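Participant: Using the sequences plus the hints, can you model the full thing?
Each protein sequence line maps, in turn, to chains A, B, C and D. Numbering that gives the first Met the number 0 puts the first residue of the first sequence at 0, with every later residue one more than the last. Numbering that gives the first Met the number 0 puts the first residue of the second sequence at 0, with every later residue one more than the last. Numbering that gives the first Met the number 0 puts the first residue of the third sequence at 0, with every later residue one more than the last. Numbering that gives the first Met the number 0 puts the first residue of the fourth sequence at 0, with every later residue one more than the last.
Hints may be right or wrong, so weigh each one.
[Said to hold, decoys possible] Ranges of calculated distance between the beta carbons of each label pair, as one might list FRET restraints:
{"id": "1", "chain 1": "A", "residue 1": "E11", "chain 2": "C", "residue 2": "R483", "range": "33 to 39 angstroms"}
{"id": "2", "chain 1": "C", "residue 1": "G255", "chain 2": "A", "residue 2": "K491", "range": "38 to 44 angstroms"}
{"id": "3", "chain 1": "B", "residue 1": "D100", "chain 2": "C", "residue 2": "K239", "range": "33 to 39 angstroms"}
{"id": "4", "chain 1": "D", "residue 1": "A7", "chain 2": "A", "residue 2": "G60", "range": "28 to 34 angstroms"}
For the record, the hints were derived by calculation from the structure and aren't laboratory data. Computed from a prediction, not measured in an experiment: that's the story for all the values here. All C-beta atoms in this analysis are idealised placements derived from N, C-alpha and C, irrespective of residue type, glycine included.
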Amino acid sequence: METVKLTIDNREIEVPKGTTIYKAAKSLGIDIPVLCYMDLHDLKVENKPAGCRICVVEVEGRRNLAPSCSTDCMNGMVVKTHTTRVINARRTVMELILSDHPKDCLTCPKSGHCELQDIAVRLGIREIPGQEFAEMSTYKKDFSPSIIRDVDKCIMCRRCETMCNDIQTVGALSAVNRGFMSVVAPAFEQDLEKSPCTFCGQCVAVCPTGALTEVDHTAKVIRALSDPTKTVLVQTAPAVRAALGEEFGLKPGTSVTGKMAAALRKIGFDFVFDTDFAADLTIMEEGTELLDRLTRHLNGDKSVRLPILTSCCPAWVNFFETNYNDMLDVPSSAKSPQQMFGAIAKSYFAEKLGKKRDELVVVSVMPCLAKKYECQRDEFKHDNNPDVDYSISTRELAHLIKSFNINFVDLADEDFDRPLGESTGAGVIFGATGGVIEAAVRTAYEVQTGKPLPKVDFTELRGMDGIRSATIDFNGLPINIGIAHGLGNARKLLDDVRAGKANYHAIEIMACPGGCIGGGGQPLHHGDSSIIKARMAAIYREDAGKTIRKSHENPYIKQLYEEFLGKPMSEKAHHLLHTHYFKKGNKDIFI
Amino acid sequence: MSHIKVELKPEQIAKIQEICKSFKNDAGELINVLHKTQETFGYLPAEVQEVIAANLNISVAKVYGVVTFYSFFTMLPKGKHPISVCTGTACYVRGAEKVLDEFKRVLNIKVGETTPDGKFSLSCLRCVGACGLAPVVLIGEKVYGRVSPDGVKDIIKEYEE
Amino acid sequence: MHLLVCGGTGCRASSSDAIVESLKSELAANGLENDVQVIMTGCFGFCEKGPIVKVLPDNTFYTQVKPEDAAEIVREHVVKGRKVARLLYTDPAKNEHVSDSKHMGFYRKQIRIALRNCGFINPENIDEYIARDGYQAIGKAITEMDPQQTIDIIKKSGLRGRGGGGFPTGLKWEIASKNKADQKYVVCNADEGDPGAFMDRSILEGDPHSVIEAMSICGYCIGASKGLVYIRAEYPLAIKRLKVAIDQAREYGLLGNNILGSNFSFDIELRYGAGAFVCGEETALIHSMEGLRGEPTVKPPFPAESGYLGKPTNVNNVETFANVPVIILKGADWYSSIGTEKSKGTKVFALAGKINNVGLIEVPMGITLREVIFEIGGGIKNGKKFKAVQTGGPSGGCLTEKHLDTPIDFDNLIAAGSMMGSGGMIVMDEDDCMVAVAKFYLDFTVEESCGKCSPCRIGNKRLYETLEKITKGEGTMEDLDRLRNLSQVIKDTALCGLGQTSPNPVLSTLDNFYHEYLAHVNDRKCPAGQCKSLMQYVIDPEACVGCTACARNCPVNAISGERKKPHEIDTAICIKCGACIEKCKFNAISIQ
Amino acid sequence: MTKVKSLADLKKMKETLQTKIDIREKGDASESLVQIKVAMATCGIASGAKAVMEFLMEELDKRGIQAVVTQTGCMGYCYAEPTIEVKLPGKEPVIFGYVDNKKADDIIEKYIKNGELVDGIIPTNFESIDNK
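Facilitator: Here is the structure:
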């Protein structure tokens, strides 16, 4: 490899050609502040518009200062990262950015997690000169069911634009306007709800400031908890337990299932249940649907569309409703685990409790922002009463725990309540990319072949590659599986399917890079993909530690079918656990 | 950018499709497509941008991002007699600002606006290259040179039926 | 006999089209339509005196011609051979007519290389270009030289980019030629956005073939078969003439496959700008051509490595290209004999502002500002005092009296705190407030900033606001310090050339006219009497005769008074428009 | 129009086309060229000035002399029509009277080519030549 030698702050270093000054300095332990820069290494995405100009350094012989994030090291370069000139420039630029930024830090939802705030603290900004006559660029606030856009706080780092367009290919956001009024916004600066936004929340996950935040439902949850006429149930998604600990200073990848259950009980939920249970239920329905379609297909039924696509991810559902609405019969009709849980809770479990559905409040804790939108969809309501009342994110749950004065780290582990709290390892791995399809395979294999699986772990389905495929031998019948995470990858896969170029029987798609563990509602990873990997490891550890690892072996699932649903895909199951999809957008009328 | 809502007729949609097609529906030709479309429709309302986006297979947000970046593109229909005051440097030092102020005062609109009767719209432009005639005002295609604030009323009078 | 009528935008705005028509019909009326040709040419440059009609062969230069003058020109000059004295240029110094343009102060010191064909040939007729050795340079290059030899001529000539930066053109070509790729592009930057500079437009309107020829020479040198002209949509005439020229060149086989029997092929397409000054920056320009927002990106990679569609791309501006064919034909030594040590050749300037001879001039590098302003420009309008000259447009600075004898070249202008830029040259007199001038330019930059980087997006806005505060009389000494620091930081940290130079008007006025800033801040006065907030209109009761002219003309009815008695201005209502002063015949109204 | 196929083609084409704009090239460089003005008022035309002018233009061209021939109004020497004014580069103009084709031929051969004076110079201007 070709290398270059240079000096940074009087220290010599040799780095591979093409290394930026920022990275070279970092390898020397010199931590140059960056703001707009974001490196999502595993997604092969580097957001470096070189727009904020916070990371400037002095390069000997150069007329002006160089942005270290996007300037390559050259042989013989002499770089200084903290001269008076650099520090003055950095401070002045920071003052400029702050001069066009609201000063409501104390009440900002991003307070404490704000990168802009961090740098202001680090640079010791104490006043903003000329603020009294400085005009601010202000815009309309946008409240969607999932995401709040308060772009007065936008600093034009363009990270959200990169996520929305380059990674997710959703195209809801773009830089608009010019100069002082330029900002990232949907077309015509309309609300996100009128845009092709899928509410995947990846923009929120990378926003360094409070410009993009989630809709906060914690207050509503607290109100429900204090309402004596309501029985409040909580369900927690698989990925939450792998990340919640980070909000309390635990190492990424620390599984906090037991502490979480304990905390939820302390907060006062009447029943602490697990979405993993519903995940097992999803496998029963989706797996059966897969086998049904497959069998009919093998028997020559031309009306059957394959591959079958998973439908647990609400952002993905929004995406195909907008972009692939010519293929609405392809995804599985199975509802997502969140909605299956809600439907069962407000029917089966309500009956068990002898309560009416409106006496129950179902709260979900999700790694996701699209779930907030999903639970508000009309088809998931009964007499205007939603199956799931409130969906809160992992971050909101952390706030809730903190505001209930709970010392999370020191909590003793507790278990979920029964019956809707029992789950298998198959339910747990829903949280990571490839997990849903692995769980489905574990069940479908045994149902189809009537034989026990020789091994439960399908490592060929795991990993971080954006698009993966594998062929699983169903006792002589090769089943082709496709997996994509990140909507951009999903688009590639789906385009192939639409063009008839792909030969898959089943495809799993998750909107967020990494799957739900990298969801838009998770503790912010600031683009550090090692955090996502640690969460993934935790998920698979949890699976491996479970005694039951196949959904169809979950005793409470069996009981549910025996007592209530009959069998998978029964009429009752269809009514409660399946849904249909809608055309969104008007793209097709023009082409 | 403020904008108005319109309903496109099928033949208008067909016209836009035709324009896109003449540029091979190539997203790289977006700016040429927008030019041609604005030439045809006079402005680029949201609905028009949506059709363009669909045909070039790019997001509407991107199209809007481009439309709002370039000052030549407008989402508002211009007045019957679009008035452009040159505020290039040569015109500025020869008093264009006063002329502009007078137009604003007489028409009672701001720059970028159209009079309620739709007759006049007012905009600024940077240098038409007729610096010898500074300050210069364009009404439609017609150039008025050496305009003084006093002369503004007379110029407007020419266009009032 | 030939009658040349200026068809530049300025003269056309003063109905030079109608002049052509009138001349033609007058000639026909005299039965001379076959003996005398009327030709519409590109810009003569002397826009102040436009429209221009030139009669050849006796080289008579008629100024400010109106369509109704056509009859007299034909009757007197064409038929009888008598010059129409009232349409001749009058030398203001000697107060006598000058009929031959070569003897006018405006033209005397000019050397026209880039503008060699402007105002000389019919730009819509390729034959006239060919008659002037057109396309011989590309012919010479492809038949007699290899690309490197051609590049060497350009390198040796010392030609530097005329778009602003002044990067050596030959070197730029060489870099692009050395990058290997299956496709490369030659781009002509014709997105002239500098308010008050219009040389590129004039060249394209007056001599489009020279640009086409130069682009193909560049294509030959760097190994590109495709050329793109990125041109402002606001230049309809230039677009039209360029299109005509491209079509003609294709028809003649001077564009297209196997040009002049060689194996070199080259063709040109047009791309339109849409009103964004920042697109003059080459990376922004390339993004704009790709159908994106015209936002610049960090260099490196330079366009020569990765430009349009990721391919090696060479971007030069119109004026740079216009120099190329002549250099190839006349040689590097000839070209480098003109100009100064580090800035060779000539530069076209758009001379405007408070100057007698507004127009487009081409002068050898090294000429002094004094020569340009007082000899070519004919001095300051209305006998006022020279105060400053702003060069380089919004990226440049304001130079003053002490710079008048500095030879103009790239390096001297930068050393003086300004820059060559694209060649705008705006002259200001004692009535121009330099703080307001800086504010004017910042207003432009704020409007044209793309918004990508924070120093330019927010910093320029803050500079503008501070300047506004000062012109309102609310400035403080801290504001002046802040202006300077902010300006320096913006220069130091902005992403592209626009931002890096946008504070120049502020810094140069702070350097050269600090006393004016001080007057605004300390005395709350605008010495030039331009800043409205610092002025009051007052009627001198001694001088006022009560004619009521002022009151009748006040647009806001701020003036009251009885007939034949001194009037008074209500300063609370007065909008300081100045209408009253213009109407007062007794000099009774003054600004304080 | 035929395509230009080679550099030689182009050069040939240039030669032909150049005459079309010759008048402008010469006008631009009038200082360095021979300038001839033919008085073409009624009196001049009546005495055959037009024929003389055409002769001059043709002959100068044939003999390879770069000259600008223009018409002018009456020079005030109606008695001596046709009259022409000849101005050699760097010299004061000289006016010749009674110019017919033969005289014109003389003027070209003797005055224009060699600077020798020929008969028929109108005296008022003779002085100016003398002074030189």
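Participant: Please go over all the hints and tell whether each is borne out by the structure.
Facilitator: Now for the hints, and whether the structure bears them out:
For the pair E11(A) and R483(C), the beta carbons lie near 36 angstroms from each other, so the given range of 33 to 39 angstroms is met. Between G255(C) and K491(A), the C-beta spacing of about 40 angstroms keeps the proposed range 38 to 44 angstroms intact. Between D100(B) and K239(C) the beta carbon distance is about 34 angstroms. The supplied range of 33 to 39 angstroms therefore holds. Distance hint check: the CB atoms of A7(D) and G60(A) are about 51 angstroms apart, inconsistent with the given range 28 to 34 angstroms.
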